[in-house]
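Engineer: In case you want the letters, here they are:
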Amino acid sequence: MRIYLGGHLNFYHPQKETWLEVKLLQPTPLKDVLEASGIPLGEVYLVVIEGELVDMQETIVSDQSEVKLFPPVGGGC
Amino acid sequence: MMYGTTGKILRVDLTTGTWETETLTEEYYRLYPGGKALAGYILLNELPAHTDPFSPENILVMANGLLTGAPVSTATRYTISARSPLTMGYGESEAGGFWGPELKMAGYEAIVVKGKSPEPVYLWIQDGEVELRPAAHLWGLKTAEAQGLIRAELGDEKIRVLQIGPAGENLVRFAGITNDLRHFNGRNGMGAVMGSKNLRAVAVRGSTRYQKMARDSKALLSLGRELAKRVKENPQSWGLQNTGTPGLVEPLNAGGILPTRNFLQGAFENVDELKWEVYERELLTARRSCYACAIRCKREVQVDGVPSVYGGPEYETVGSFGPNCGVSDLHVIAKANELCNAYMLDTISTGMTISFAMECFEHGLLTLEDTGGLDLRFGNAEAMLTMIERIALRQDLGDLLAEGSLRAAEKIGGDAKFFAIQVKGQELPMHEPRGKYNVGMGYAISEIGADHLVVAHDTMLANAEAIPFKNAAPLGITDAQPAQSLNEEKTRQFYVLEKVTSFEKVIGYCFFGPAPRSYILMDEVLESVNAATDWDMSLDELLEIGERATNMARIFNVREGFTRKDDALPERLFTPLQNGALEGEIFPRDEFETALSNLYKLKGWDLETGIPTRKRLQELSLGWAADLLP
Chain Y
1 MRIYLGGHLN FYHPQKETWL EVKLLQPTPL KDVLEASGIP LGEVYLVVIE
51 GELVDMQETI VSDQSEVKLF PPVGGGC
Chain G
1 MMYGTTGKIL RVDLTTGTWE TETLTEEYYR LYPGGKALAG YILLNELPAH
51 TDPFSPENIL VMANGLLTGA PVSTATRYTI SARSPLTMGY GESEAGGFWG
101 PELKMAGYEA IVVKGKSPEP VYLWIQDGEV ELRPAAHLWG LKTAEAQGLI
151 RAELGDEKIR VLQIGPAGEN LVRFAGITND LRHFNGRNGM GAVMGSKNLR
201 AVAVRGSTRY QKMARDSKAL LSLGRELAKR VKENPQSWGL QNTGTPGLVE
251 PLNAGGILPT RNFLQGAFEN VDELKWEVYE RELLTARRSC YACAIRCKRE
301 VQVDGVPSVY GGPEYETVGS FGPNCGVSDL HVIAKANELC NAYMLDTIST
351 GMTISFAMEC FEHGLLTLED TGGLDLRFGN AEAMLTMIER IALRQDLGDL
401 LAEGSLRAAE KIGGDAKFFA IQVKGQELPM HEPRGKYNVG MGYAISEIGA
451 DHLVVAHDTM LANAEAIPFK NAAPLGITDA QPAQSLNEEK TRQFYVLEKV
501 TSFEKVIGYC FFGPAPRSYI LMDEVLESVN AATDWDMSLD ELLEIGERAT
551 NMARIFNVRE GFTRKDDALP ERLFTPLQNG ALEGEIFPRD EFETALSNLY
601 KLKGWDLETG IPTRKRLQEL SLGWAADLLP
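Residue numbers (my numbering), protein chains in the order written: chain Y, 1 to 77; chain G, 1 to 630.
One should not assume that every hint holds.
A few chain Y residues that don't get close to chain G, going by computed Cβ distances all over 10 Å [claimed, not checked]:
#, residue
1, M1
2, E21
3, L53
Straight line, CA to CA, 16 Å or less: simulated EDC-like cross-link-like pairs of lysine to aspartate or glutamate [as the list claims (entries may be wrong)]:
#, chain 1, residue 1, chain 2, residue 2
4, Y, K31, G, D272
5, Y, K16, G, E233
6, Y, K68, G, D272
Derived from the structure by calculation, the hints contain no laboratory data. For glycine and all other residues, C-beta sits at the position ideal for the given N, C-alpha and C.
Make a model of the complete structure from these sequences and hints.
Structural biologist: This is how it looks when you write it as structure tokens:
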């Protein structure tokens, strides 16, 4: 599956890249995928699949899934 | 000996062309250690109520924070303050860059400017030596040309130039002030006040480093090195370093809180054209920083294929000229940014005043005749660029819009008042309160009108497992609250967080430095203050400094006739968002009024009038200010 690390979440990519590829052998809870990938659940504020916000705790993903993650952000100059 | 400060204020009378130096006492400075607090004290004590903002009697204060110029990441900020011609209340705007540290190295904490020069002048300060120099040859020039001439005639390319541009000269009510062409006291029309005094610029050069003023310079340097190293270890500060603020566009859009088309919508259909990846590919030429800052969030860009001398658009600018005006071309937005910085306009109020005019045009309240033939519909990028210049030069419709959206709406009449998205006369920044309720509270209660830098934003503190939330624990924030809530605990958190942001504006830290927004822990903020001084200050004393500063600003506004009814939000926020992840969401009016009352109780302010009680003022060592109240 492909995970888009929006905002500053690519901080958690080993090479600080925006897309993370993960191989899934079977449908898996998203939170398990993120934990296994070293992405702290507490740093993920929004999860978007096919343009819709979804609940991270209840989402099951497969190897064909594409998920966008965004962190909490606030304040600019 | 007083540590951590030059202990000097430069007082300039432009009417007589004279100046003198005032020495600060420690008893006084510990209560008002710079920035917002020092400026507030001077204005309350020396500026009579109801002074016309454009009269010679208005006072312009430029005040460094206690730590401005310290070798510690993000301690670069200074405040500029006066009665605002935009809000007619307490005016204030902070900026970073290099000018504040240079002023301190030149021997001064602050400059207090009174009067009006008979001819255009600029102020030149070098290591305690002061000179007023003619500036008629600079009048009317764009900021880059003026800076080049000043540096050339003084023979030093390293001189730091703070200045207004043609917009300030023309008294545009949201004209700003820049230093080094890239750092901005954008808000509240401080540039127009400076223009009204015929003061084009303040050039400074100094050689006494902060380490010479600090009590324990070794400890300060050690902390500075530690913070420089750690900036890459925190996701928030790393994110600011990696993308700068333009990286906020996409996450805010995903959350449905990207202000779009004058706050009608919360998501922009062409957001993919404004993402950081596009900015990086199409615009970015280099990264820069403020003085001694390890975050380095500033961006350099190309405009019209040439590297711009004016820096790149921040998130607020991408937002205000992008989705907010329905424009999806980053090159146009970069051009808009360059025009604003050349004429020296606040990009937030300029974008918002143009989006106001666009909505008026779409509803037939402004016609082609009014706009001088411009098709001022949302999305017309060329018309937007033309309007920026017309506002700066007060040409055609630009002359009306130069008054700000509230005054323009009153003149246009009809429903125009519903399209002026402002608080106390100042236009909203690019953050959507319908998804971040405490941001809305901040807009309402801020003494300078709508301001996004009042508290850490709700989303940062909504998850108990998030790093920003964990770093807020020393502030007593241990119970995570939803972003869309105004319950009592949320309001209590607002009360604490506002004090933090306020003391940052006093001691000179950037909003992007300390936790919870970023990575410098509260213990380290205290460590820096106590290494600079011999005050052995506690967190409670620091928080009290913040609260004292906001109360002085509040009293300033009370004297001008502001009451609870001015702590209001634009009607638009009580109507449903038209699209995006929060489509249909409103800002809850009843909960807002209850939360405002709860906040007043915490602040010790009268529930009916919003006036600080004498008891609370005395607790804050502001008994003297209670006597100024009506």
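Engineer: Now tell me, hint by hint, if it's right for this structure.
Structural biologist: Results for each hint:
Against the 10 Å criterion, M1 of chain Y stays outside the reach of chain G, whose nearest CB is about 18 Å from its own CB. The claim that E21 of chain Y is not at the interface with chain G holds, since no C-beta of that chain comes within 10 Å of its own (minimum 18 Å). Not every CB of chain G is more than 10 Å from the CB of L53 of chain Y (nearest about 5 Å), against its label as outside the interface. Distance hint between K31 of chain Y and D272 of chain G is unfulfilled; the C-alpha atoms sit about 27 Å from each other, more than 16 Å.
Proposed proximity of K16 of chain Y and E233 of chain G is supported: the alpha carbons are some 12 Å apart, at most 16 Å. Under the criterion of a C-alpha separation no larger than 16 Å, the hint pairing K68 of chain Y with D272 of chain G is consistent with the structure, at around 13 Å.
Hint check: violations occur at hints 3 and 4; the rest are consistent with the structure.
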